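Engineer: Using the sequences plus the hints, can you model the full thing?
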Amino acid sequence: MTNTTDKKTGISRRSLLKTGAAAVGLAAGSGAITGFPTIWAQNPITLRQFGTGVSNLNAIADKCKADLGITLEMTATDSDAAAQRAVTQPDSYDIADIEYWIAKKVYPSGVMQPMDVKKLKYYDKIVPLFITGKLTPDSVIAQGTAPHTVGFVEAQDAKTFAKQPTQWMTMVPTIYNADTLGIRPDLVGRDITTWADIMDPAFKGKAAILNIPSIGIMDAAMIMEAMGNIKYADKGNMTKEEIDKTIDFLIKAKQDGQFRAFWKSFDESVNLMASGEVVIQSMWSPAVAAVRSKGIACKYQPLKEGYRSWGGGLGLAAHLKGAELDAAYEYINWYLSGWVGAYLNRQGYYSAAMDTAKQFMSEDEWGYWVDGKPAKGDIMAPDGKIMEKAGAVRDGGSFVERMGKVACWNSVMDEDRYMVRRWNEFIAA
Amino acid sequence: MTVALDQPVAAAKPARRGRFSINVVPYLQAAPLALILGAFLLLPILMIAVVSFWDYDFAAMYPDFLTTNYADTLGSWVTWKTYLNTLKYAGIVWALTLFIGFWVAYFLAFHIRTTAMQMVLFLVCTVPFLTSNIIRMISWIPVLGRNGLVNSTLVEIGLIPKPIEWLLYSEFAVVLAMVHLYTLFMVTPIFNTLMRIDKSLIEAARDAGASGWQVLWNVIIPLAKPGMAIGTIFVVTLVMADFSTVQVMSGGQSASVALMMKNQMSLLQYPAAAANAVVLLVLVLLMVAGILRIVDIRKEL
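Chains as they are written, first to last, in the UniProt record's numbering: chain Y, 1 to 429; chain W, 1 to 301.
I should point out that these hints are in silico values taken from the structure, not numbers from a laboratory.
Note that the structure is a prediction, hence the values are computed from the model and not measured.
The beta-carbon is built from N, C-alpha and C at its ideal position, and this holds for glycine as well.
You may find that some hints are simply not true.
[Unchecked claim] Quick list of in silico lysine-lysine cross-link-like pairs, BS3-like style, CA-CA up to 27 Å:
no.	chain 1	residue 1	chain 2	residue 2
1	W	K162	Y	K254
2	W	K81	W	K262
3	Y	K204	W	K225
4	W	K88	Y	K254
5	Y	K304	Y	K245
6	Y	K159	Y	K134
7	Y	K240	W	K81
8	Y	K134	Y	K231
9	W	K262	Y	K252
10	Y	K240	W	K262
11	W	K262	Y	K264
12	Y	K125	Y	K163
13	W	K162	Y	K252
14	Y	K254	W	K262
15	Y	K245	W	K81
16	Y	K299	W	K88
17	W	K199	Y	K294
18	W	K81	Y	K254
19	Y	K204	W	K162
[Stated by the list, open to error] Not the full set, but computed from the structure, chain Y residues with beta-carbon under 7 Å of chain W:
no.	residue
20	A261
21	S275
22	E425
Structural biologist: Structure follows, in structure tokens:
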């Protein structure tokens with residue numbers, strides 16, 4: 001039954017759901033069809049989602065249960081484990097919530113199936129950054145694994161990525177952001193304008209970078225280029241010589257005592273900054289918010305070379321079919337319909353469908369988080385705590401200003417193994 | 001046992017069956033421990049050794065017989081430097097814990113008169129161990145930091161003009177935390193052997209005209225050697241296998257063998273980590289064998 005609906009095109013979402021519901025209803029032997037949206041509640045559907053943790057939020061699972069009746073079982077892992085699990089245990093999940101550079105590794109192994117954009121209700125609301133790679137028509141496409149380069153495949157069973165948008169989307173973007181350096185404005189004592197400033201001798205022993213090779217190397221690349229030491233063909237896909245040059249530079253800086261520490265986890269970065277051990281370092285935006293919530297000045301400093309950006313999305317496991325596949329589409333459509341987007345925007349991330357999220361945010365929230373305007377009232381975190389006082393302006397400004405200045409995306413290099421080996425040398429040096 | 005042995009010999013026919021079952025008894029008695037050690041110690045180590053020869057990529061491991069994992073491990077200067085660094089930590093921490101541990105145990109064993117008080121004080125030594133390892137380690141951070149307790153106190157009383165940087169995120173911090181964490185492992189076995197020393201031996205030495213130092217050097221220390229050896233095995237193996245203390249206290253700036261393995265595992269390079277584990281295991285076993293050669297624990301216990 002579901003198969004027939006799948007083949008028809010141009011069918012309305014409601015009738016699709018009803019047919020899906022009928023299929024489920026028959027399968028459960030109840031035969032009675034009560035209308036949408038309680039269908040999933042009567043015939044419980046559980047979707048197993050695993051991913052890198054950023055968007056594995058309980059609030060989303062709870063709301064999904066309430067709105068759709070779909071139970072979400074979420075498992076969080078780190079990115080390397082996520083990549084491995086996606087490939088080696090394809091039956092252990094229904095929905096993969098992974099970053100785009102992981103998708104570049106994982107998708108070609110055939111464990112995921114593409115999504116038909118005709119079934120994505122809000123496809124045309126998705127930010128063009130993920131479709132064409134350009135936020136605005138005159139944007140420059142950033143280096144690294146830009147999401148649109150791995151966002152589509154030519155056909156439903158294709159394993160290679162399409163050069164341009166097609167009917168088959170590999171992942172629906174969910175959450176993304178632009179990363180830069182965090183600083184202690186009260187302790188740096190001067191304006192910070194470029195990535196090169198982290199290497200300023202004035203900050204000797206007071207700088208830190210993160211010790212996650214695939215991300216740390218990108219920050220290092222931004223620094224190297226800003227200092228004029230090198231010009232990469234593609235920061236996201238360095239040659240061996242470029243890797244050598246970058247790591248040798250890092251080793252020298254380390255031996256000169258430029259770095260105070262290398263952090264691996266979110267809370268380490270917060271503590272380094274809050275205790276004043278470090279005044280300038282690579283940082284993630286929620287960590288900046290965490291430092292500020294302790295009443296300590298911390299700024300997510302925009303830099304002239306631009307941001308290092310990352311993004312994740314939801315992909316479907318290859319084994320999904322029938323009612324579960326319908327439920328997965330329903331879940332993804334719900335994800336893009338606004339509530340989740342607003343929730344993520346309020347945490348300082350960005351949602352994939354900005355227009356729908358706007359309907360779930362107050363004018364002031366939208367102004368602060370997305371338009372870069374001064375907050376009129378206090379800005380609350382999703383848990384009800386005050387995040388920013390009235391009058392505050394978001395570091396880096398509006399969505400277009402921040403995401404429009406992405407210099408490179410997190411990526412996976414062809415020389416990945418070599419890079420990791422050299423990175424370990426840097427840490428041991 | 002003897003009674004049980006005698007009886008079947010006396011009785012003619014059922015004797016064989018009885019003797020057979022008696023021969024089996026010791027094996028049965030050893031079986032539970034053998035099974036547990038076999039299943040949870042030998043088997044995993046065997047698997048690690050097997051996996052260390054496998055091939056891998058980001059997603060999976062492929063059964064194979066490659067020596068590249070060992071070639072990569074032993075052929076890289078990073079490994080050698082990391083091993084040297086770990087051995088250095090082990091050496092320094094061993095010397096410090098042995099020195100501190102011996103004197104604490106000596107004080108407890110010879111200067112506290114009542115057994116009850118000895119036990120009370122020994123328990124006091126173990127009190128910090130009621131909290132987790134990680135917490136005891138992390139609590140050093142606010143003490144040693146740039147704006148931490150030590151630095152702010154020293155600056156305030158005017159002893160130093162500006163905070164000392166090397167207190168935290170340095171090798172000093174790593175050694176300090178390790179000594180703090182592992183000294184008790186030295187105190188316990190040494191205290192145990194010191195308590196077994198027959199006091200009349202010391203009296204005899206004094207009667208023979210030995211000075212305090214001579215008693216210590218010629219009587220107490222030789223008799224305490226088995227305890228020191230056991231403590232040494234504890235401390236050395238703990239330090240060689242440590243990754244969290246090195247990572248946290250050096251701020252990620254220093255490397256240890258286990259930390260190198262952890263990095264490899266978090267990148268899912270299990271065969272490489274397994275090869276490293278085998279190398280470390282061999283090294284630690286050699287060290288333990290060396291210690292046992294110098295001090296015969298069984299003979300002197």
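Engineer: May I ask which of the numbered hints given earlier this structure violates, with the numbers listed in increasing order?
Structural biologist: 3, 16 and 17
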